[in-house]
Amino acid sequence: MKEEQLLWSGRFLQIFLVDGHYEVVKRPEAVGIIALDGKGNIVLVKQYRPAVGRWTVEIPAGLIDPGEDPLQTALRELREETGYTHVEGTEEYLGYMYPTVGYANEVLHFVKVEVNTENYIGQDLDEGETISEVIFMPIKEFIEKCKRLEFHDSKTLVSALMVIY
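Numbered per this note's numbering, the sequence shown spans residues 1 to 165.
A portion of the hints provided could be inaccurate.
[Said to hold, decoys possible] Calculated pairs, EDC-like style, for lysine to aspartate or glutamate (alpha carbon to alpha carbon, straight line, at most 20 Å): (1) LYS155 <-> GLU91; (2) LYS46 <-> GLU129; (3) LYS46 <-> GLU80; (4) LYS155 <-> GLU133; (5) LYS46 <-> GLU127; (6) LYS155 <-> GLU141; (7) LYS112 <-> GLU29; (8) LYS39 <-> GLU23; (9) LYS26 <-> ASP69; (10) LYS147 <-> GLU106; (11) LYS112 <-> ASP153; (12) LYS112 <-> GLU80; (13) LYS155 <-> GLU129; (14) LYS155 <-> GLU92; (15) LYS140 <-> ASP37; (16) LYS39 <-> GLU144; (17) LYS140 <-> ASP153; (18) LYS112 <-> ASP37; (19) LYS112 <-> GLU91; (20) LYS140 <-> GLU150; (21) LYS112 <-> GLU141; (22) LYS39 <-> ASP153; (23) LYS39 <-> GLU118; (24) LYS145 <-> GLU127; (25) LYS155 <-> GLU114; (26) LYS2 <-> ASP124; (27) LYS147 <-> GLU129; (28) LYS26 <-> GLU106; (29) LYS39 <-> GLU88.
These are computed hints drawn from the structure, not numbers from a lab.
Whenever a hint applies, use it, and build me the whole structure from the sequences.
Listed below in structure tokens is the structure:
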């Protein structure tokens with residue numbers, strides 16, 4: 001049986017000492033969105049990430065709010081981060097991964113959708129969220145950049161596998 005001692009609790013994270021030895025980060029589940037435009041492009045966002053002190057280009061993503069399922073979160077986050085809605089009936093749940101199994105319980109779900117490029121409603125970013133650009137990148141270029149590790153975000157790199165297959 002695991003003995004957990006809470007060491008710290010913040011807005012999105014909790015840190016526990018498990019069995020007196022392991023430091024474990026717990027956080028809410030999240031969703032990564034593989035958003036395609038139906039014209040051979042994937043939709044990416046350029047976002048400032050304070051943890052690494054740099055701008056990153058990555059797939060849209062966000063935390064699952066209480067009462068939401070991964071599909072609902074994906075559609076909400078797509079609207080908030082890119083300003084676009086999706087084409088009804090194109091949303092597809094692909095599965096999940098544990099992106100940081102060495103120290104965190106984080107679950108990251110993946111949802112694929114087609115973006116409705118005719119319906120731009122504007123971004124609605126969360127407080128503290130900084131997204132400077134929405135990028136429509138040709139899928140072939142995206143795959144090549146992933147192969148060369150030009151993206152440094154694990155969910156974005158993993159999403160390349162889902163775009164290929």
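### Query
When you check the alpha-carbon spacing of LYS155 and GLU92, does it fall within 20 Å?
holds (17 Å)
### Message
Holds or violated: LYS112 and GLU29, Cα atoms, limit 20 Å.
### Response
Roughly 17 Å between the alpha carbons, so the hint for LYS112 and GLU29 holds.
### Task
Verify the proposed pairing of LYS145 with GLU127, using a straight-line Cα cut of 20 Å.
violated (30 Å)
#### Entry: 20 Å Cα cutoff - pair LYS147, GLU106
violated (25 Å)
#### Entry: Agreement of LYS46 and GLU129 with the hint, judged by alpha carbon distance not exceeding 20 Å
Holds, at about 11 Å.
### Message
Please verify whether LYS2 and ASP124 have alpha carbons no more than 20 Å apart.
### Response
Given that 20 Å is the threshold and the Cα spacing comes to 41 Å, the pair is violated.
### Message
Checking one constraint from the list: CA of LYS140 to CA of ASP37, max 20 Å. Satisfied?
### Response
holds (14 Å)
### Query
If you draw a straight line from the CA of LYS39 to the CA of ASP153, is it 20 Å or shorter?
violated (24 Å)
### Query
Is it true that the CA of LYS155 sits at most 20 Å from the CA of GLU141?
It holds: about 17 Å lies between the C-alpha atoms, which stays within 20 Å.
### Task
Take a quick look at whether LYS155 and GLU114 sit within 20 Å of each other, Cα to Cα.
holds (18 Å)
### Message
Just to be careful, I want the Cα atoms of LYS155 and GLU129 compared with a cutoff of 20 Å; is the pair within it?
### Response
Measuring from Cα to Cα gives roughly 18 Å; hence the hint holds.
### Task
Verify the proposed pairing of LYS112 with GLU80, using a straight-line Cα cut of 20 Å.
Distance of about 16 Å is within 20 Å: holds.
Going through the hint list in order, the structure does not satisfy hints 8, 10, 22, 24, 26, 27.
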